[in-house]
Amino acid sequence: MTTTGDFQKRLDRAREASARLKDAIGQVIVGQGEVVEQALWGLVAGGHVLLEGAPGLGKTLLVRTIASCLDLKFSRIQFTPDLMPSDVTGTNILVTSADGSRHFALHKGPIFGQVVLADEINRATPKTQSSLLEAMQEHACTIGGVRHAMEEPFFVLATENPIEMEGTYPLPEAQLDRFLLKVMVPSPTEDEMTEILARTTGQPKDAPPRVLDRDEVLAIRSACRDVAVAEPIMRFASRLVRASDPTTQGAPDLVKRAIRYGAGVRGAQSLVLAAKAVSVLEGRAHVSFGDVQRVAKPVLRHRLIRSFEGEADGITTDQVVDALVESVPARPESVEQAIRR
Amino acid sequence: MSKRPPSPTDRSFRDAFRSFSGRVRRRLALERMLSGAAIGLVLGAGAAAAAWQTRHGALRPWMAAGGAIGAVAGAIVARRRRWRDEEVALFLDGRLGGKESISTAIELDREDERDDPARAVVLSQATTVLEKANPKDARPRFVRAHHLAIPLGLAAIGYVSLIPLPALPPPPAPPPGAEQVKLADIKGLDKIIDLANTNARDDAQRKRLDKIAEDAKKLREKLRQGMEKREAQAEIGKLKDAITAERLSLGDGEQRQGLESALGKLAENPDLKDAAKALGDRDLVSFDDAMENLANKLEKEDRDRAKKTLEEAAEAARKQNAPDVAKALEEQKKRLEEMAKKNEKLKELGKALGEGLSEDAKEALKDLDSGKGGGKEQQKLAEKLEEALGKLTPEERKRLAENMKKRAAEMNGEEAPGEGPSKEQLQELAEELESEEGQKRLAEELKKMAEPEPEGSEEGERQKRLEDAQKGLGEAEGQLGAPMPVPVPGQGPGKQPGNKAGEKPGGNNGSPGSGGKDDGQPYAGHSEGGGPGDHKGQTGVVDGQGVKARATGPINKGKPMPGLVMGRTSGRAGETANIQGTGALGQAAAGELGAIERSDVPEEYREQVGRYFQPK
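Protein chains in written order, with the working numbering: chain P, 1 to 341; chain D, 1 to 616.
Any given hint might turn out to be false.
[To be verified] Label pairs and their calculated CB-CB ranges:
no., chain 1, residue 1, chain 2, residue 2, range
1, D, R81, P, P186, 31 to 39 Å
2, D, R81, P, P209, 55 to 63 Å
3, D, R81, P, D6, 38 to 46 Å
[Claimed, not checked] The following residues of chain D were derived to be distant from chain P, with all beta-carbon distances above 10 Å:
no., residue
4, G94
5, D274
6, K342
7, E359
8, Q479
9, G481
Quick caveat, the hints were computed from the structure, so don't treat them as lab data. Beta carbons: idealized from backbone N, C-alpha and C, even for Gly.
This is chain D alone, in the form it adopts within the complex (with noise of 0.2 Å):
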């Protein structure tokens, strides 16, 4: 089928609505580019406040660029979205009062419409409304409300870009801690180095003892080279840790029950509390010390009882498997052996030597037997004793050593009552009297005793180098500086002066301690008085990376609480129902006495917890 010519009418209503078409779509296209660029200049005027913000100067004024790409955008939008002929015509009919003729032509103009007898009276019509219509009336509105963001975002893109860059912020405050400290000589690690020298109890402790001596030698380099103040005092904290750790090893772990059993022996024995209380505690240096005047202190007899007790305490902890324990307390027996023995010796001198001694040693001879004096009596009697005797003639010390052999006999085999030395101590101090080389070996032996701190027990050394190690690290401390201030809520500067703590003499011995708490400066958790106030000097927020927390309380790990039960504990009469229809529960109803199977226990546990309720 061949296609009609268009006719007169169809060719001026097309000429006519083609014309009005192109002008309603060039006019929405524009609008919306320009809509498109006002979204892009707003964006646009965003970006550049945020490279002002940001200090990125250049970049502002390439935002203009946003209303290009928006523009751009919008032309895309529009070209996909042009309106077809029938709403172009919609558009005009409302537009020009066409009542809808330029939208029913649209449709009848079209190739399978031309037999239909009202399209040319309808196209005649159409063609009339857009002939006579002012084209402005069919106009769409193109600037809108929303366009005048176009002139405000190149406005602001402008006065963004002039205006110079905010100034830079300050640099953030370091981390409290993060300061380095370089120091060359640190005295307090060599102590803790020297570990490494320090007798083990056995070959784990020997490698625990090594390893603090390794980290503390690193620790010393790392110091020397230069460190982070906050570095270093974790490093000490764990140190410390590992050191008061070892202090308290002794009966730890499996040897803990052997050493629970210990205690339990020593405290039978009233003389030997406070060496029961020095054990409980691991403070083998005390243990020494108790022993040392129980030595001095008790008679024979206690001392033997003291011994036997202490052999006791040894055997129950050997039996619970706890033979360092066990080993400590033989230790401590022998010491109490040897050393009041050396306590008879020189009091039995002592006395032989009578008129002979200066005031000191009189009154040291008599602390001693009075058993008052300790260690500090015993050297000085022991020095006395020594100069005592090298101012003795040959035949002055032939008789004292007669009239000792004589008291001997006189014990005629049977022990001293009470106190003083046996026949065997009197015989042969006056054995040593009578020979050159007795006397030579005398006067060494007292001048051993006269040497200051005698030698305590194996563990009691070693835990005096613990302690020492211990104090060495306060020392590092406090080289280091104040520790690290750790807020503390609700508290507020100082407003009072006050005079700086922990400005103690004493060099390197005394750790200089933090800052007072008067001295006006804003340290963390300084309060004073709180309140409403300056509050300047509050610590800020204290970045937690890398900080280690600890305890630094001491932590008796041998000692249970006071009151504390181990184990299971009994029940009281009365308080739980262990025969059927009695006890604090009431009646039991038969019926329930079986309700564990029937209960939601797990089954492997069941008959445990059965067992554990069952009426007896």
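This is chain P alone, in the form it adopts within the complex (with noise of 0.2 Å):
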């Protein structure tokens, strides 16, 4: 039997845990910190993240910075048009032992490590992008014939760059609903942008702390999992999914003119998901219509399709989610009813 405060250290622990790395980030990171929560989102719930943003608005560095502050293995693959799959995953290699036998040796690829950095993973080819989709989805990498598990955890931070379209290959859909989260990195304030001058041109900075160990990350995974959610607030995770169908009868208007495809299950999976995240780095261990709310446009806007019509009009999935969340009622309109009275 668990008691309240087994379940209550667990959250303070992750609480706390959460706030020094933050911290720690913070060290590095100036401002973005929207993004830096999002992150942590998906590194809680266990997803993957896609940061997408204008060149030198520190994605890069905000990877870098989270893998050099958990205490895990970092990797990263600069993804090009040339690079090939087995350059993500590793291959056999023929290796001449010291008494002259040969034989096929595991080298194993950058996706072997636990906090992965795919750089401007838009400029690799498909099929190199889809080499991704086997560990990111069921942590485990098939080479040669032969399984190999991730070691956990195992946690994908991938970058892409909206501007430059030439050369580059869009996520295709199954690959880019594997990622929990899409982050949009945001400029810096001008007061952000001074901060980082006089942080960046100066004498490099000693690297920050490892503030968080692979036993803690697990932790506080686990401690995500056991997050408690309401079936009303299911239901509304569900509804909220099933709006942005278009062909659903409940989808808004908006929805209808400029999405072709709207959200899977597995769309629905991460909204709860994410939201159990947020109620965790907030210490609670119940998730609420705010938390659903809040992980919305992270969790759904790489998922919607748009259609010809909503490209056209210049309509964003971004918009298209707030009015999902306008026009999705959490609660009984009876119960709404008498709140609002």
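With the hints as a guide, bring the two chains together.
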């Protein structure tokens, strides 16, 4: 039997650890609080995060900083058009042993890290991009017919640049769906920019301290999974995702007009998981409607496929998610009315 | 598996939640009851107003019970739609900012969720939220804007209950003609009842006349006891129709063709033109008069020709299966003969008496001789002759008889040319004058001839009676009063004072008639210039129930409209193609000739239609 004290302690530890991690990251990264927060949701929920932003906004630095703060194995893959799947996963190579005999030995690729930075992921060909699929979804990689499990925690942070479209390969929907969150990296404010200039134009500073080890990360993830979700909240998440499908009867007009395909089951799962991560980071043992609404944008924005009309009208998926959150009621109508009175 | 005892955290959460949920549910139920009461009172106020309008004054205060009924209905609805714990928890989370901790706790409080690692923490957090909350914050508002209808509804019911009931509406005006009429003595109807004693043409007519008489008798009885004016007028209308139909019954129906043939024959003789017109109009009285005139006017030859024409017309009618028409014509022929004979006799006697006649008698004789005179002159002459004969001495009478015999002998067996009596007539007259009995017979005959209104034909007499009956109906209608007003669109009240028309002297013989045009009374149908003005006198909507629409204009059933051709007309040349390739329709293709078989004309008619259009 679990007592109040056990789970409360786990929650407290998780909140304290995440606070430490945020502080450590904050020593390197100026501003971008929401981006850091959302990246941590991915880490806590056990999902992967896709960071999208213009060059020079600190995406790679953020990932490297997170990796530095975690006492985990870090690897980086710079995606280029000529990158081959085996360059990602690794391959069996012929090795001559000391006695002169030869045998094949597995040369593991960079995917076998614990924090993997897939930099500029949209520069690689779809073939290479898809080499990440198995690892991201199943936390395992099959090389030469042999399945190799990833070392936990396994956390992929990918970056992509939305500006340079030439020589890029947009991620296919199946690949995008593997990312728990898609985080948009905004430009820094004036104050943040000034602070960045002050920090980066002097002597390079020491790397940030390692504040979380493997066990702590796994404990936080475990606590996240144990967070309780009430049935109305799960129902709300389901309604949100169903309403993103333009063929659904109750879908908002904007969805019907601008969306070709909506989010699927994985999207609903991601909503709840991300909401749980938010609860954990706030030290709560339960999820609220607000948590679901808060994570809706990073969870759903890359899962909605716009229609021709939506693209032509310049309607972004963020606008559609806003419309969804606004139109789908969290509570039954009678309860909503009673609360408003 | 035994239930585990609740932990202190469980108990405190449950207690706190129960306390809040009870309050929430009670207030929600109260809100529904108030809503029900508001609806009930609004309906009750409406019902009270309706009770006031319909003058059910005692019911008005009871309409306040609608509020109580509404409240009970609201309570029932509240019971049926009572919130579950989950809904209350959601409400409390929303109101207290519990971030759904209470909702989650309610779920985790279930027995099967006891092993959930987050259970204890969530319950603890939810309890904390509930314990820290101000109970006032968790109360749903039970007073809503529409509850204002409760005091308003009560006030409305109170007001409606206190105000006096509306005045009774004036009783609706009776429909025109609905007033009762009671007439003890209606002489006009006696003439119709008398139709039962009129000779009938046949059994069918007998029955019809009896029925008319019977109906008139019933109407008289009803009028004696009192009946609605409109009903009486409708009955009179029916009788009028029946009498009119009877007047026009000669040569009607199957005998129509015979009548037409007889008319055709009569029309061939110009002397019988008036008679033909009278017969065509079924005016047998006029027919009698025409015959009388002919008897006076015509020369012997013309009379013979007229008799022959009458004979031929009667024959034609008989051949066309119109025995009644034939009978009437034969009777007219007989009357013509008799009247002519009588006429001759009078004239001869008058001439024979010569200077012994008074001036009046001489004038009448002159008129008769010139053919201008008619029945009146005949009567006058007959009267004077009777007087003159009475004054004659036996010697004078003898001499008169001898003169007549001499004149008869002079005729030498030949018929008198042109006019004048025949040899036999003269001899007969002479013999009558010679003997005492003959004189008496002649005097009787003259007396009879001097009587007014000589008898007409049987049909004519019948028609006369029917005419009298119709006049009697007019009198009866007059006794009833003015006919019912019939609304005429665009009519207004009269503004000019005028004389009352219809006040003709003549007592019961003349119909009083309706109000005159300019009497200033707002009669229906009365218009004086129209235009914008005071239309107060306009007749309201007439209730048509029981009012019989009927045409009162004379209907001539027997005579066809001028120019109307009975039967099938022959086509005019060139109008239709009756020869292949000719006619106004132009060239017809050979294939069109058998088109009837391909047409949608029903099969049973094809042969007939095809024959009609078949080119000859």
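Hint check results:
In this structure the supplied range 31 to 39 Å is violated for R81 of chain D paired with P186 of chain P, their Cβ-Cβ distance being about 48 Å. Restraint check, R81 of chain D to P209 of chain P: a C-beta distance of roughly 59 Å satisfies the suggested window 55 to 63 Å. Between R81 of chain D and D6 of chain P the beta carbons are some 41 Å apart, a value that agrees with the proposed interval 38 to 46 Å. Here G94 of chain D does not stay apart from chain P, with its beta-carbon only about 4 Å from theirs, under the 10 Å limit.
The claim that D274 of chain D lies off the interface holds: its Cβ sits roughly 95 Å from the closest Cβ of chain P, which is beyond the 10 Å cut-off. K342 of chain D, annotated as away from the interface, keeps every beta carbon of chain P farther than 10 Å; the closest lies near 111 Å. A cut-off of 10 Å between C-beta atoms confirms that E359 of chain D is not in contact with chain P; the least separation is 121 Å. No beta-carbon of chain P comes within 10 Å of the beta-carbon of Q479 of chain D; the shortest separation is about 81 Å.
The beta carbon of G481 of chain D is kept farther than 10 Å from every beta carbon of chain P, the shortest such distance being approximately 74 Å.
Of the numbered hints listed earlier, those contradicted by the structure are 1 and 4.
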